[in-house]
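Residue numbers (our numbering), protein chains in the order written: chain A, 1 to 147; chain B, 148 to 505; chain C, 506 to 787; chain D, 788 to 908; chain E, 909 to 1547; chain F, 1548 to 1667.
Among the clues, some could well be false.
Listed next, with one range per pair, are the computed distances between beta-carbon atoms [stated by the list, open to error]:
1) V517(C) with M1433(E): 41 to 51 Å
2) K1497(E) with E656(C): 55 to 65 Å
3) D199(B) with F807(D): 36 to 46 Å
4) M1433(E) with E656(C): 55 to 65 Å
5) E1648(F) with L525(C): 55 to 65 Å
Keep in mind that the hints were calculated from the coordinates and are not lab data. Backbone N, C-alpha and C fix where the C-beta goes; we use that ideal spot for every residue, glycine too.
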Amino acid sequence: MLGNLINQGRIKSPWVVHFDCGSCNGCDIEVLACLTPLYDIERFGILNIGNPKHADVLLVTGTVNQRNKHVLKNIYDQMPTPKAVIAIGACGCSGGVFREAYNVVGGVDKVIPVDVYVPGCPARPEAIIDGVVAALEKVKKLLGMTA
Amino acid sequence: MARTILPFGPQHPVLPEPLHLKLTIEDETVVEALPTLGYVHRGLEKLCEVRDFNQMIQIVERVCGICSCLHALCYCEGVEQIMGVEVPRRAKYLRTIWGELHRVHSHLLWLGLFADAFGFESLFMQFWRVRERIMDIMEATCGNRVVVSVNVIGGVRRDLTPEQCKWIEEQVAIAEKEIRQLSSTILNDYTVKKRCCGKGVLTKDQAYQLGAVGPMLRGSGWAQDARQTGYAAFGELGFEPIVEYDGDSYARSAVRFRETLQSLDIVRLAIARLPEGEIASKVKGKPQGETVTRVEQPRGELMYYLKADGSKHMDRVRIRTPTFANIPPLLAMLPGCELADVPVIVLSIDPCISCTER
Amino acid sequence: MTKILLAVLALVAAPILGALITGVDRRITAWLQSRYGPPILQPLYDVLKLLGKQPMLVNTWQALCAYVYLVGAALSVVLLFTGSDLLLIFFVLTIGAVFLVMGALASPSPYSQIGGQRELLQMLAYEPLLILVFASIAMLTGSFKVSAVFELSRPMLYDLPLMFIVLGYALTIKLRKSPFDISASAHAHQELVRGVYTEYSGPYLAMIEIAHWYEVILVLGICALFWSTSFVGMIVLVALTYLAEIIVDNVTARLTWRVMLKSAVGMGLVLTVVNMLWLYAQ
Amino acid sequence: MLETIPLSLDQVAAVAKECFDDGWRQVTMSAVDCGEAGFEIFYHYDKDLVMRHYRLSIPKETVVPSISPVYFCALLIENEIRDQFGICFSDIVLDFGGALYLEAEVRAMPFCKVSVAEKQS
Amino acid sequence: MLDTLVFVTVLLPFLVAAVLLVLREQNLRKVILVATAGVLILSSLAMLRGGAFIMSPAPLWGSLVTLGDFLILGVVLLVGLKRKNQIIVWLTVAQIVGLIWFDFFMIKDHGSTPAFFADDLSLVMVLVVSIVGSLIAVYGIGYMKEHEEHLHLTTSKQPQFFFFIVLFLGAMNGLVLANNMLWMYFFWECTTLCSFMLIGHDDTEIARKNAERALWMNVLGGTAFLFGVMLLYKVTGSLSLQDILARGPEFAVAGGAILVPMFLLVFAGMTKAAQAPFQSWLTGAMVAPTPVSALLHSSTMVKAGVYIIVRLAPIYAGTYFSNFVALFGGFVFLATACLAAGQSNGKKILAYSTISNLALIIACAGINTPAAITAAILLILFHAISKALMFLCVGAIEQKIGSRDIEDMRGLFARMPRTALVAVIGILTMMLPPFGMLMAKWMAIESAHGQFLLMIMLALGSGVTVLFWCRWAGLMLATPFAKAAPEAQDGTIRGPLYLLAGLAVVLSFFSPLVYNGLVAPVVAMYYKTAPYVLRFGNFESSTGVFLVYPLFILLGLGFFFALRQTRKITAAQAVGPYMCGEQTSVDGKPGFLGPLGQNVTAVSGNYYLEQFFGEAMLSKWINVIALAVLVIMLFGGAL
Amino acid sequence: MFNMTKNVVANLFSKSSTRLYPIAVRGHFEGFRGTLHINIDECIFCRTCMIKCPSQCIAVDNKAGTWTCEAMSCVYCGVCVDVCPTGCLSMSKEHRPVATEKQTMAYQGVPKKKKKEAAE
């Protein structure tokens, strides 16, 4: 009973933490735009909580580079389970146009496991919302809940 | 007095961008601020060796997603100078329109983030709501909300139809009305002024000597704006920079707020005077030579040094972004301020770390 | 016997009511910002989810402090509902607040440390205000007992209008609303990440949320005392006050603790003295 | 195309001081690897939107005097050049020692053509 | 039986002290001290069982006391002359002249006044002095051993030290039991001398200077005391405290004449209780070894000051003077709480908080209602226990970590888990309900609700109090997740710590019994009403209700449950603190990767709000205002 | 003080400006550079798109007749569409759907004979 309720809560209250992992700001501002009146992801119970210790979902924008790869790992480690990672934008998914640059390691999945890839350069706010919804669907499946 | 050492960033809710500051504070007064950069350094200047000079447009656009259009503009102007390409007038006007729309969206974005930095969430929401109108214009006319990708060497990729021009004018008028509604809050509200006035003061001399650019410089009383050099269509449109004199965070936000309205006027003017004609001229051959070009980004003066050796790859693309120039003044402003003012002061330079580090 | 019933009622109903109020708060805040807003039950979902998260700690004191904070907050609400002594309620409330801060200070993390320090400054600002409010209530009724308030023939608001403003001031600080959300705020868009809450996570954060709901009910309950003569009046007064709080939250920037401390103590003292003189003059 | 004023190594600090006193603002410095010929460093100064470019040509492994004691803002630029080209500057106000942007994993001096050649080989 | 008890509590310490002075054998000293402590505690308890009494010892003792007076004054005069301190010299001379005049020319009926009398107030004081004081003396054994090892002394100065410590206890017991005002004066001067000697014990430059300051301030108080007694005798014609108390209200009603001696005596009490503007002697006394500080602060010396003020309260009840005393107390309460908030030196925080709490007691005496006096007595009792505990903790900590700065106590739990926990308990008993201190504060605030200015000051002051206590408690717990190994500690140090901590908690739990047994009778005797009705052990009055047992039980259950849950936590659940994604850990110390790739250990410090609570700035104003209030009190209230 | 009140109260009494996205889709503007599509039948495997792509995410094998694009690296600049000589590349205005795994767009076409012959 309580377990069911908690699962309900998990689906209805994904708090996100956003980490700009070397993005060009294009995806960053689209992530922020999601919070704003036109898109308002708080409708889904999503709060941009800013602190990995409180967050359920890690939104990563941008490529991983040599300096921030351990930061990304650190943040991921500080999130309590269950947690999900969404890579946003071409850079987050694969490194985008910067794949071949000397300081770039590549996509987010080089460092931490990624649950959902949101393509786009930059990813549209709608796509980011889709991404979170997709992550929740994945969680639902994991929890064995019927959709 | 007891000290606290605070890691500020790279992941921090107030600064969406990864900049790390090691702040030493005493009773919340910052006594020392040491930065770490490099969290966004990709080394994309180096990519000119593997991408040809046309592909570099798409690369430099992604130096910074917020002012991508102006990066491309600056780069294209540089290459055009080297190759001696004459850009059609209509293309120049279109570049101006999109460039200024970019400035409007960037300034609105900044005004929102700035409001957020001092904890004024509803103001943040309102600025970003208005901004969506500009984003719509961008999407409708360029095919993308953020990275518009309209500049090519020799001109622009997309044209505006008369209907679109009319629609843009309508949207701009509405946006202006909505922005003006917020002016009393951002410029006159007691709590806002309490948080901005006198915070992060940069005197006129300091601003100049530390190499501040853009609204930082103009907020400290210097009437200097790269648009005065008359790139794109500014030579024909005429331009007067906006200046404030107090040199504090409030002055900078006032500069940006007034520039937003000014840019909307420029957009309207440019649409009104939009000449007929081609939107791009043919470009042949490969660039050879070197040049320096400057444009005014929302954050200040952007400078490109380009060197081409006659191959399809550029020899050197050197980008001096405005935030790169504004970081030293920031380091000079931080010591002595209060911890609560750190976000306000950091944001008041409108930091674009991805620009800075490239 | 009724007291025990009331106590149990307070223990069970207060957090649920607090959650609903918080939910409505978030919804109205969204409207004020021209957004759609989360479901009303959102705070409950949040807490349920947090309860199901992996417990994560910096050290064990934090867990202890989170529990004691919850106990303190719940107990103060129980005391209020059973018509106990206002000053005692206040002291019991302090237990919770003190343990919250101790938990924050017990973590060697600069953010929660600074959050703790700021929370202490907030306590320094609102505690005297609350005591002043209680003292003036006692001046009026001749007793610190909550039950004495209900024996008044007319609402206290007539006699203590300025004290209600003082209470509002304390309320803003206690509810962590702008302009005084300096030690922690609902959204972590501030320089301290989440201030005192930074290092509490998962179930412990859930407990702190629940304790916060209790506190919301407590402060609103104290507000309600100002219109003790009718139940409808109470609800209207509380609703209006809360709406005003939300609006203020949305029309002000966050101020610094220096401003808070000076204005809270200054305003509080001036308003109290004026109100008291007025009361004497009557 | 680009009008530049040649600059010799021992003039660097003096010219900077002169420009500073004349009210020139430092825009930036640009370094270019010219292969065998060594490096070229451009000092870009600006006054009332007029730019002046000094060109300093140096062989590799030259230590360049820093102008950051005159122009504080040069510290970032010089550190960046140190990162990317390995050109050392003497007496930078705040010396990051080649670690402004780069971690140890990245090859030193990524902007030098030598390193590209190494990569290709 | 009674004779024996009074003998044991008052005279025995004098005798033991004399023995200790000549004894150089460590272990024997230890045995004697512990035995004396035990005897003192037992006899004080026995005395409590006996209840109120009056006692006149043989006339010979009276002469001895007079002789003692002159002896002490002589010593003080010598000190003054040696140190070339004009103030001390002239004040002492004035006292000698006054005393000669008083003793040989004014007093007609030598010997007719009973020397000792005790009511419940006196008995409470005896309990405090004997129990808390003895525990501190026992603690001193272990402490001084280590202290002298630190100082590398060749010849131990412990005989002298314990001489004064034990003498102090006897003098204090005598003081609180004295009925004859001249006897009281003798003990009063005894404490002055003892404190001077103990403060200067370490014989450093600063110790000598601070001891001298303490001396002149207390001699000033002594002078006021003597002349107060003289005037009192003139007005009432009696030296018997009991007599004066019984007839007190008559004098107060009859006219203001009695208020001048009252002022002088209260003033004497204020100097002894180190109230502003005389707070500097007590903060200066911090240079002494910790047992001295503990003794001065908790059970002796300063408590003598507030004792006399509370004791005389019924006489000036209902006068303007009383209101001024209350205002003065309220002001000093707030002011010194602010000063404490600006300190990082642990002992200084304790010192200012002591002054602040004493001021609260004085304010209660000034409010002068039954409830307020109840609060005052309970404050004396609970404050003595908790404050002694805190001092002993700081002393133990200081010997281990070599610093008394609270910044250095950050994460103390990792190094000294037991002491740190005891200290946290001490702090909690100081500032949180349902413990006795807070209950007394609750009584004080509730009884002050008629006086608005006072109310405001108390409100602000208690806010500040929470500030400095809470952060101190919090920072001691600031450790990374680790199981700390208990520290080694001498039994004579650990014993008193545990006993006092236990006492603070247990006594708070039984506060209704304490109230019924000890406080209510005194209050009823002088004020003819009982302030509180105890129903199910809850304090109820017309103004409010304080639930003791329900709170204890509910909070206790909550705490127990919390502890049980906490015990389940495993090291696997531990993570580093949030450092913006740059967290590192070096040698188990959390930190972050800072600029230039260097590891930065996390450092945090408290806010001391120099701007609001800076000592240098505040002290000046506080002294000026306090002095002004005193002057107004003299002219507006007393004259 | 409280200059924002007017705006805030007006918002309270007007409809929220939120688009309830998954429920109510406004759709993107005409000309939005959304998902890249290829009509593989018309592709001549000339490799222009591969050469011009700034992200270099397109791989064309003119011998095997395959056209692949790393969908997660595409930056939606539209250059390939512009340069395609046959117009077989196009961009629809819908944004590319999110995925739980990395995707590659791979198409197998018939290599044009003429080209093949020319190559031979």
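Results for each hint:
1. V517(C) with M1433(E): 41 to 51 Å: 48 Å, holds
2. K1497(E) with E656(C): 55 to 65 Å: 59 Å, holds
3. D199(B) with F807(D): 36 to 46 Å: 40 Å, holds
4. M1433(E) with E656(C): 55 to 65 Å: 34 Å, violated
5. E1648(F) with L525(C): 55 to 65 Å: About 41 Å separates the Cβ atoms of E1648(F) and L525(C), which means 55 to 65 Å is violated.
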